[in-house]
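Chains as they are written, first to last, in my numbering: chain X, 1 to 334; chain U, 1 to 334; chain Y, 1 to 334.
Take the hints with a grain of salt, since some may be wrong.
Which copy? The list can't say, so a pair holds if one copy fits it or any two copies do.
[Stated by the list, open to error] Below, computed lysine-lysine pairings styled on BS3-like, alpha-carbon distance capped at 25 Å:
(1) 329 with 29
(2) 50 with 329
(3) 50 with 19
(4) 197 with 181
(5) 248 with 329
(6) 47 with 194
(7) 209 with 44
(8) 50 with 29
(9) 217 with 248
(10) 329 with 166
(11) 197 with 19
(12) 166 with 275
(13) 19 with 47
(14) 194 with 50
(15) 19 with 329
If you are wondering where the hints come from, they were derived from the structure by calculation, not from laboratory data.
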Amino acid sequence: MLTDFTFPSEEMIASFVGKNILGAPQFSKEELEAVLGVAAFYEKALKEGKRLWDMDGKVMAALFFEPSTRTRLSFETAMHRLGGRVITLAESPENQISSTSKGETVHDTIKMVDNYADVIVIRSPRTGDAEIAANAASHPVVNAGDGFGQHPSQALLDMYTIVKEKGNPEGLTVAMIGDLKYGRTVHSLVDFLKYYKCRLVMASPDELKMPESIVQKMLDNGVEVKFCATIDEAVAEADIIYMTRVQKERFADLAEYDAVKDMFLMNGETLQHFKPGAVIMHALPRVNEISLDVDDYPGAAYFRQAGNGLFVRMALLALTTGNVRGAFKPEWAL
Amino acid sequence: MLTDFTFPSEEMIASFVGKNILGAPQFSKEELEAVLGVAAFYEKALKEGKRLWDMDGKVMAALFFEPSTRTRLSFETAMHRLGGRVITLAESPENQISSTSKGETVHDTIKMVDNYADVIVIRSPRTGDAEIAANAASHPVVNAGDGFGQHPSQALLDMYTIVKEKGNPEGLTVAMIGDLKYGRTVHSLVDFLKYYKCRLVMASPDELKMPESIVQKMLDNGVEVKFCATIDEAVAEADIIYMTRVQKERFADLAEYDAVKDMFLMNGETLQHFKPGAVIMHALPRVNEISLDVDDYPGAAYFRQAGNGLFVRMALLALTTGNVRGAFKPEWAL
Amino acid sequence: MLTDFTFPSEEMIASFVGKNILGAPQFSKEELEAVLGVAAFYEKALKEGKRLWDMDGKVMAALFFEPSTRTRLSFETAMHRLGGRVITLAESPENQISSTSKGETVHDTIKMVDNYADVIVIRSPRTGDAEIAANAASHPVVNAGDGFGQHPSQALLDMYTIVKEKGNPEGLTVAMIGDLKYGRTVHSLVDFLKYYKCRLVMASPDELKMPESIVQKMLDNGVEVKFCATIDEAVAEADIIYMTRVQKERFADLAEYDAVKDMFLMNGETLQHFKPGAVIMHALPRVNEISLDVDDYPGAAYFRQAGNGLFVRMALLALTTGNVRGAFKPEWAL
């Protein structure tokens, strides 16, 4: 029972060494809880002011083929907090600043970077790039989001947040609001929620419903699924409310977008419909899907959620490279 | 009397912990001299080849929402020389590489980064962004320039430079040349000069005169103010000559710009009008406002001035985070 | 005889301190072998898992006025692996993110950065910028490629690769294929090959022949030079095959480009013409000049070659700053 985080066994820790982190589905329940346990270990160490150097002397390559400030800074900070070093390639489709602009493939870029780094974090607008990278590299590759594919560290930090905010996730009711069709985040999260028989309550525009295949996967795992017409209805029975953004560019018909664009927003009024103690999550950045007057609500966890990304990413970097050592600088070094 | 720098008292050092550095006006004379004293302490340590680690294990976020190479590299080096780590977000208006391009507010970006960093340095083209950041963050925020607002670390390094170059600033005559209307730098500097009863001598195009409110503030503080028609007249009685650039885009009428654009430039000929030992300062980058033949003049202090930014920024980072410790790596680590 | 690498004498190491690394021609045979010897020393240390801190407390500035991911990440990693810190200015002609966009000269930028860094690495699209930088800086400058000028660290890593792959380079036959007119890489390499009386075999389009002056320099040094019409003919007698890209923009007449563009490509079929044990090199990135089916050939050394850049650049940084110390963190720090 996951009411609290447990530091994993040596065998479990050893099983991560050299592994690529490509998607949420690769994690068994035990592996998921192992990552969360190591994340909690690092969170505690940082809170106590310990100077970690588990990854002293090691180098992480952050290859961001599309901009993602939050994820990049979170991974970079994770490596720094572990005492390691960072090399960064940050480019956007509009601003190709690397040799990939000369026509180099992701495969070749990875073959090159693999010479320099002990672990490679890759973000790409192209689905499948993380797997291409993993095949090219001799060092572990961590997928930081590839197109419509996976974003496993986000799903892991979401689970970490749920447990920190609510304790045992067993049987919780999770409301998912907004764009459930293209939302990589919620798709990955359900892969973990199924381990704890969480109930799913969903509210989205018709165009942006959760894909049937994912719903079926949940049902096959004995997860109860419910569809609601309004956000107020969905939040009414939720312990966790996961907000996502409804983006204009997802709609072929702009009239359709205009009709629904204000239906799945949360504001201070929405809070009236909450169960006591309900928690609001969001992968950020937000635009207007959560209004500012919600920020003061004690269960508004989205900024804490972003913070949790740090500990989970520290765990992934240290686990895959075999550096979960709990090495602290001695007293005189503080 | 500030003829030399004095390391501040423990009480004074403690008073900086957790403070935001938003603008020059927030500094009392004692606080100003405390920062300079700590800067001098760090300069001495570096000159002696000491390996500092006052900020070992700590992370600085450099958020540059507009390009400013000099200021960014100076802050980043300051953190590295203190043994700390750096995460950087560098974007330009033309090249929005962060999630702020998806519509995220500065407030939300800071709430996120506040989870990762122990101190946040922000540069923005929008006046007031530094204060928004300070309100959003639980960690100290250092304003590295916000629009037409403040740029306090520049004013501090300017004062540090004046004292290093001339000793006691009491009663010095400071000439300010060029754009005194939009020049954030000279506006901030006068807030410090008033503590030492410096005389101000100004030469600028009519369109770019020092704002009346600032002149009045100087007069109210018993500072003598004089306006000159030419650069030659202004430099004639100056101990310090602070050059700024006259930019074309400040003029509504281009004919007006053409009429004055060459009037406030300094070249080898201008040096003939100097008092012996006069010092030239400039916040850099320069274009043509100081010609290359001036660089060999011993009092041409602008590159030394840029170097002083390092020590002052080390002081600000260590003071606000409570890390002025003078922690050096032991002998065997050298 | 350079069959293996030899760690240089103290006098030789001392002779590098404070030197700028501007071009391959500046290296005597003894100096070349000294760099390779230090590179081998660092490679061995890294392979043994040692945590170097020869450059602990030091700062390298990476000033990239044009994008070059491979070279930048390689230099940055070199500094990190030596325990040092990195500040980076990465801009492209299309995306001027530094104050150089405000009209600042390279000279002034270097004068500024010289205050912050212990060693300056510069990459520029303008031939001669590295020398301008060296004149402006008090710290060592390493040229990471300037326009059609030099790229000495590339030539050094190429020699390091040749010795690692083939042992003693004395008398080897080196085939150079593709664009030999504009290829900075091959021009620099011949400056080293002449020390070992390597035979040169060249195959290129008529428009892109090796410049006469370089050919003459080789002949003057007693190097045998041969021109071949086809790639198959050139590779037939080669121990080392150095591939370069034939770029469309080099041709005034596109019909001419179309006529030759496929003539100097290497694919699996080309391998049939190889001498046993022949080694393929390429400075990367490649586009289509080496097809993917060549990658599995054991002598395909181009990714290993990129990796060798790390050790050679570690050597250059430590040598020029006087930090070849072989300082390792103590056991308890691992």
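> So which of the earlier hints does this model not fit?
Replying inline: Structure breaks hints 1, 5, 6, 7, 8, 9, 10, 11, 14 and 15.
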